[in-house]
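4 protein chains.
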Amino acid sequence: MKPRSVAIVGASGYSGEELVRLLLNHPHVELAAVTSRQYAGQTLAQVFPKFAGHPRSRTLRFTDPNADLLAKQAQIVFLALPHGVAAQFAVPLLGHGCQVIDLSADFRLRSAATYKEFYAHDHPAPDLLAKAVYGLPEFYRAQIKSAMLVASPGCYPTSILLPTVPLLRAGLIKPDGIIADSLSGVSGAGRKAEVDYLFCECNESVRAYGVPKHRHLSEIEEQLSLAAGTPVVIQFTPHLIPVNRGILTTLYFAPKQHFSTAAEAAVLGEKISACYREAYANEPFVRLLEGKALPDTKNVAGTNAIEIGWRLDPRTGRLLVLSAEDNIVKGASGQAVQSMNILCGFEESAGLV
Amino acid sequence: MKPRSVAIVGASGYSGEELVRLLLNHPHVELAAVTSRQYAGQTLAQVFPKFAGHPRSRTLRFTDPNADLLAKQAQIVFLALPHGVAAQFAVPLLGHGCQVIDLSADFRLRSAATYKEFYAHDHPAPDLLAKAVYGLPEFYRAQIKSAMLVASPGCYPTSILLPTVPLLRAGLIKPDGIIADSLSGVSGAGRKAEVDYLFCECNESVRAYGVPKHRHLSEIEEQLSLAAGTPVVIQFTPHLIPVNRGILTTLYFAPKQHFSTAAEAAVLGEKISACYREAYANEPFVRLLEGKALPDTKNVAGTNAIEIGWRLDPRTGRLLVLSAEDNIVKGASGQAVQSMNILCGFEESAGLV
Amino acid sequence: MKPRSVAIVGASGYSGEELVRLLLNHPHVELAAVTSRQYAGQTLAQVFPKFAGHPRSRTLRFTDPNADLLAKQAQIVFLALPHGVAAQFAVPLLGHGCQVIDLSADFRLRSAATYKEFYAHDHPAPDLLAKAVYGLPEFYRAQIKSAMLVASPGCYPTSILLPTVPLLRAGLIKPDGIIADSLSGVSGAGRKAEVDYLFCECNESVRAYGVPKHRHLSEIEEQLSLAAGTPVVIQFTPHLIPVNRGILTTLYFAPKQHFSTAAEAAVLGEKISACYREAYANEPFVRLLEGKALPDTKNVAGTNAIEIGWRLDPRTGRLLVLSAEDNIVKGASGQAVQSMNILCGFEESAGLV
Amino acid sequence: MKPRSVAIVGASGYSGEELVRLLLNHPHVELAAVTSRQYAGQTLAQVFPKFAGHPRSRTLRFTDPNADLLAKQAQIVFLALPHGVAAQFAVPLLGHGCQVIDLSADFRLRSAATYKEFYAHDHPAPDLLAKAVYGLPEFYRAQIKSAMLVASPGCYPTSILLPTVPLLRAGLIKPDGIIADSLSGVSGAGRKAEVDYLFCECNESVRAYGVPKHRHLSEIEEQLSLAAGTPVVIQFTPHLIPVNRGILTTLYFAPKQHFSTAAEAAVLGEKISACYREAYANEPFVRLLEGKALPDTKNVAGTNAIEIGWRLDPRTGRLLVLSAEDNIVKGASGQAVQSMNILCGFEESAGLV
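Residue numbers (my numbering), protein chains in the order written: chain A, 869 to 1221; chain B, 869 to 1221; chain C, 869 to 1221; chain D, 869 to 1221.
I should point out that these hints are in silico values taken from the structure, not numbers from a laboratory. Mixed in with the good hints there might be a few duds.
No copy labels: a pair is met if it fits in one copy or bridges any two.
Said to hold, decoys possible - In silico DSS-like pairs for lysine-lysine, Cα to Cα no more than 27 Å straight-line:
| id | residue 1 | residue 2 |
| --- | --- | --- |
| 1 | K1124 | K999 |
| 2 | K984 | K870 |
| 3 | K1042 | K1124 |
| 4 | K1081 | K1139 |
| 5 | K1081 | K1042 |
| 6 | K1081 | K1160 |
| 7 | K1139 | K1160 |
| 8 | K1160 | K984 |
| 9 | K1013 | K1160 |
| 10 | K870 | K1160 |
| 11 | K1124 | K1160 |
| 12 | K870 | K940 |
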């Protein structure tokens, strides 16, 4: 199989860097171009010494981003850019016939109005919203196969949607009153020179932020509403934790079926277990924890896996579900590569194990 | 004022060490004895070099714990021991007329049955339960003044009760459906040689534990039930976070008063604000955040302060309250010293600023 | 005693913040003014919530720096500014009769030529160099007493000079071939929004920098030369370590006296021990480790202490000396306050224990 | 090519775990057995959830170690055991015809007397010392090819020998007076339940240990002496740093050729550069930094690479060389796999990229 040529626009942020890592080592693609205004002219190896062991890193140089040029270099273009900016590249690239996998929020929503509500500016290319596919392979695999524009999900949404959607679809939980409490590593804030993310401001610090209306709520709620068949509004609290990578999400659900004894919990537990197994038993990147272990970000760091574990609490009648993922891999670049694999007909885990 | 003589039983754990720090520098007490089977014979300065600047640390030696001897040395004895063991020292010390401030869970509950349910053994001294005072000064100041036995609260309970009790007492929130999601530094696990708490097992790791029935639920629910005047059952999820110190708790409440617009939220917000101000405006260690800032453990590390901030979410109709404390200070040893100050008639913040 | 009024120019960096902490709690001073262009108009409590427990923090507001105004407000002014800028404030403040304690490098050197060599611009006020006193109390206590301008030493120089100068003065080590290998916490880089000091760039990273000619060499070598009575050139390698605070320095010396057996080492060891004891036995902030323990930054974090320990290696004939300090306290702001205490005739440890 | 069957004895420590990771994903081997007394009976996936994505991890169970059985299961056996214990397995395994790659110190030295001096007990199998090959592929590739017993080097020795040996062999530096100052992540202490390595004891702590005669000196000096053709004694100071992985070593050398000007430094620099290039230009895992960048452990974490950078200091006449490696990969398990690849005739980087 001839390798597919790919490019990364915005390759110097944390998601961009992780795309570089994954695509340099991918068996079926050739990394044809990486862009960065800041590092234009330098090789990958100069900017990221950790990739210097890969021969391609010593020849491939960052360039200024140019859609026309990129369209000549690459069949598939990954956009690792801020929202608003991503759309400006997506439009001409699609026009040139490229397939675009966008890691920004620009094409994740179906509604331009919701986009404006959460991102505080008009959508730059509303016509494309209907054509974009939400790049969560576990739910949109078929659509991704033939997509020209994949909107790769946000890190928090991935950590929330994968544990929640199967339960909603199966009608096992009430769509009301869902709470998602998420803990994210600092790479989620991006490689931005801001005082808030300096080592000494994050180390030995634990804090919430973006409360109560974080932007990711828009795509989370849109997807949950689709799964539930009814509008879903959730409570979402993100926290910043002093680790480089990882999101741990704790979800609080009200099961539709009442339970207050161990016996009733066991019956319900069987259904939950069956629901998750049906959804994920054959998924290469979803790991269901069925024993005593609970999800831990260190088990997934550097991998495209998401761990999901759960507990029923007969004292409160609630179902707790916990998930752990690497925010930069399954929460961003790994998932984008997974979508690319589907798009290209590669084995879905190619370059991801 | 002649200094009061105090002793610490179990002075080599993290809470014991922090008691040493606070009591060495306390203006009105003399640290008369510190015990530790492991370090018996060594000076404080040898075991804890960081205290070596204090002259007393170079003469005071750890001894094996002996209640009879301690009763001769100290008027007030702090117990920083595992549950079960603490009661074994409290009984003879009280018999000798000492005042006891116990940092373990042994005397925090009013019900021996609840103790057995959560701690899995019979209570070692059930007769004392009625005599013990729950050492949360903000709520039990009057009782602490004349107590012989103070049961200093757990770290998680402190972080949950201080934000919750005033709202329950004022009838502003429903006593049902409360969720407390807590993030704790690793010192909360104690200075125990266990693989789970090794640096490499905790660093770059975020995980929940003790789900869904952590032992601290027993005292949290007992106190909340007293505040609400009705039995309260909550959902509590503790997580382990790679910081040395600090607990951040995120609380999810349902206000009794419905609100769904910004105007309604403003009205309700005034009530919440007033409720907290009434409860805490004169409290030396409770810091109400009224502006944009949210609690952050780094703002309270090393201090006896607890930060409390809150947000109303008109989208969900929920009230979010966040608190940050140092688990070893306000969550343990600082609070114990605060109780001692009350007990002895010292200024409440003596040795704590 | 009427409190002395003090001001801090540049109070929002890490050294400035630590000065705030120390001076707010100092028994003999009143913090009269704090400046910060960025935060002008905000209270201390708003910018640094952790100081909110101190009443003064809720009334004292940051102002734009203005030397004329500061001279009216304060008798003593601390400058926590970048080099070059500090001198611009020192000149008018001294003209107004203020005593100035400068934490920058501007007045640490006696030679304007050396300044230019290391700081790459002409000295902004060379006439003042002869009037400034190097604020290392252990060596310049007498001169500090009557100084108008104290040049508080750098963090690395403090960690190197305190262990080295007594040995050089006593002629126990050769002035040639000294190596200082230092490991610093990230706060040493200041509260600057630069990518290199983001959490994810420092966490899980260990690296050297400023090799081989770091600016601090200028003051280190000037002071060592004075102590040795002969020009001293040393090798100095600073490293960045993922901790908030602390410098650990490992020094490699060649003793003048040859030794290669345990017996010879014991004889020499007695001399070294005596030398250090003579220099530091009565120093409140120098802690000599004489047993098995080696210096550890966690023993000095948050304190003005420096730990010094040493080993003779009969295999190599070398003397290893290790020191640990808090780079922001003994390495910066604590030491500056110590100088102020001397200057004002306060007890030297006032506000520092 | 039929896969080679391999086993790991002591697979639950940090080196063992990393061997599992590397061998599970190795294209030419099958992991036939893993032993651990503590986890016998459990699957790899149960003990290490992070490997659960690999099918083999769900079927392969830890067993009690048994040399006779292992010899039937595996052609190549990795020993990740404490020194002293490793030899007890090596002897029978070699007797059964297995090839043994030992990660302990048991076979790294040629001299049983040196072993006894540094490890404080008689060598358990002195006859094997002459047969063992020191598993540093860059220097012993030819011998490894036909070895039955490979003694894989220690983590510190690897970080010191790779930068030093070429310079000694080329006669560019004096063999006297070498200093190696090393900073290691906490995984180097192993997965041992000891208080010293708890999160709270290591986080926010920087300290030296094992000064001045760390056990690794024995193999370092033996290898350096072989390279220099004369006995070499060095100064070595290991430090513990709060990162999971990585060793940064700073080496201080005296070049034989005197230099004190930039011009002289440039001439000497050419020779050093040429020396390193000759030694390592074709080495897959040695990365020579020739520009402004200095080694950083984050560039090598998780990889088998070692970064080497250097600076000449005309002020002191010294050559500084810095290296960065992952202590568990190139410093332990990765290097062991590299040796296995050589032994088996696989591509040397198989399973290591």
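Verification of the hints:
1. Proximity of K1124 to K999 under the C-alpha cut-off of 27 Å is found in neither arrangement, the shortest distances being 35 Å within a copy and 44 Å between copies.
2. With identical chains, the CA atoms of K984 and K870 are never at most 27 Å apart, being 42 Å at best within one copy and 59 Å at best between copies.
3. In this homomeric assembly, K1042 and K1124 come within 27 Å of each other (Cα to Cα) both inside a single copy, at 6 Å, and across copies, at 21 Å.
4. For the homomeric pair K1081 and K1139, the shortest alpha-carbon distance between copies (22 Å) is at most 27 Å, but the shortest distance inside one copy (33 Å) is not.
5. For the identical chains of this complex, K1081 and K1042 are neighbours both inside a copy (21 Å) and across copies (23 Å), given an alpha-carbon limit of 27 Å.
6. Taking identical chains as interchangeable, the C-alpha atoms of K1081 and K1160 lie at most 27 Å apart only when they sit on different chains, with a minimum of 14 Å there against 34 Å within one chain.
7. Proximity of K1139 to K1160 under the C-alpha cut-off of 27 Å is restricted to the intra-copy arrangement: shortest distance 18 Å within a copy versus 43 Å between copies.
8. For the homomeric pair K1160 and K984, the shortest alpha-carbon distance between copies (23 Å) is at most 27 Å, but the shortest distance inside one copy (44 Å) is not.
9. Taking the shortest alpha-carbon separations for K1013 and K1160, neither the intra-copy value of 37 Å nor the inter-copy value of 45 Å comes in at or below 27 Å.
10. In the homo-oligomer, the alpha carbons of K870 and K1160 never lie at most 27 Å apart, since the shortest distance is 46 Å inside one protomer and 38 Å across protomers.
11. For the identical chains of this complex, K1124 and K1160 are intra-copy neighbours only, at 25 Å inside a copy versus 37 Å across copies, given an alpha-carbon limit of 27 Å.
12. For a Cα distance limit of 27 Å, the shortest separation of K870 from K940 inside one copy, 17 Å, qualifies, whereas the shortest one across copies, 43 Å, does not.
Checked against the numbered hints given earlier, the structure breaks hints 1, 2, 9 and 10 and satisfies all the rest.
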